[in-house]
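Heads up: the sequence shown begins at 1 in the UniProt record's numbering, then just goes up one per residue.
Hints are computed from structural coordinates only; laboratory data are not their basis.
Certain hints may be false.
[As the list claims (entries may be wrong)] Each computed BS3-like pair below joins lysine-lysine, with the alpha-carbon atoms no more than 27 Å apart:
1. Lys100 / Lys81
2. Lys82 / Lys100
3. Lys81 / Lys33
4. Lys33 / Lys100
[Said to hold, decoys possible] Simulated restraints, written as ranges between beta carbons of each label pair:
5. Ala56 / Arg6: 15 to 21 Å
6. Gly46 / Glu71: 16 to 22 Å
7. Asp92 / Ser17: 27 to 33 Å
8. Ser28 / Thr55: 15 to 21 Å
9. Gln63 / Ile102: 15 to 21 Å
10. Glu47 / Glu67: 17 to 23 Å
11. Ala59 / Arg37: 31 to 37 Å
Yeah, the Cβ is synthetic: ideal placement off N, Cα and C, and Gly gets one too.
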Amino acid sequence: MSRSIRFYDNLIPAILSGDKTITIRSASGYRYKPGSRLDVLRDSNGERVAEIEITAVEAICFQDLNESHAEREAMSLTALKKLIAEIYPGIDHLTVISFKLIQ
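Whole structure, please, built from the sequences with the hints as guidance.
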């Protein structure tokens, strides 16, 4: 059985281009381990679009998100904070999952 991770459809192009190299998830993101390979699935329909390898997993607080995180998410810091607040309202403890595109 292959492990997978879902991404919103609008984020897929940045993953495929290599511009997006992290994802920020709730603290439950710690279930992902460096060295793990995951299928990237399109959120809307579950279509497999790529494979990534997890390179690092680290805890972070919302207020500590910075320009480096935004750059690796392929968006502005303002847009990143807005998106995270919409997805995880009221959640302060997050997980930064770094990855590289395999295919």
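Results of checking the hints against the structure:
| no. | hint | result |
| --- | --- | --- |
| 1 | Lys100 / Lys81 | holds (22 Å) |
| 2 | Lys82 / Lys100 | holds (24 Å) |
| 3 | Lys81 / Lys33 | holds (24 Å) |
| 4 | Lys33 / Lys100 | holds (13 Å) |
| 5 | Ala56 / Arg6: 15 to 21 Å | holds (20 Å) |
| 6 | Gly46 / Glu71: 16 to 22 Å | violated (29 Å) |
| 7 | Asp92 / Ser17: 27 to 33 Å | holds (31 Å) |
| 8 | Ser28 / Thr55: 15 to 21 Å | holds (19 Å) |
| 9 | Gln63 / Ile102: 15 to 21 Å | violated (33 Å) |
| 10 | Glu47 / Glu67: 17 to 23 Å | violated (32 Å) |
| 11 | Ala59 / Arg37: 31 to 37 Å | violated (22 Å) |
In terms of the numbered hints stated before, the structure departs from hints 6, 9, 10, 11, listed from lowest to highest.
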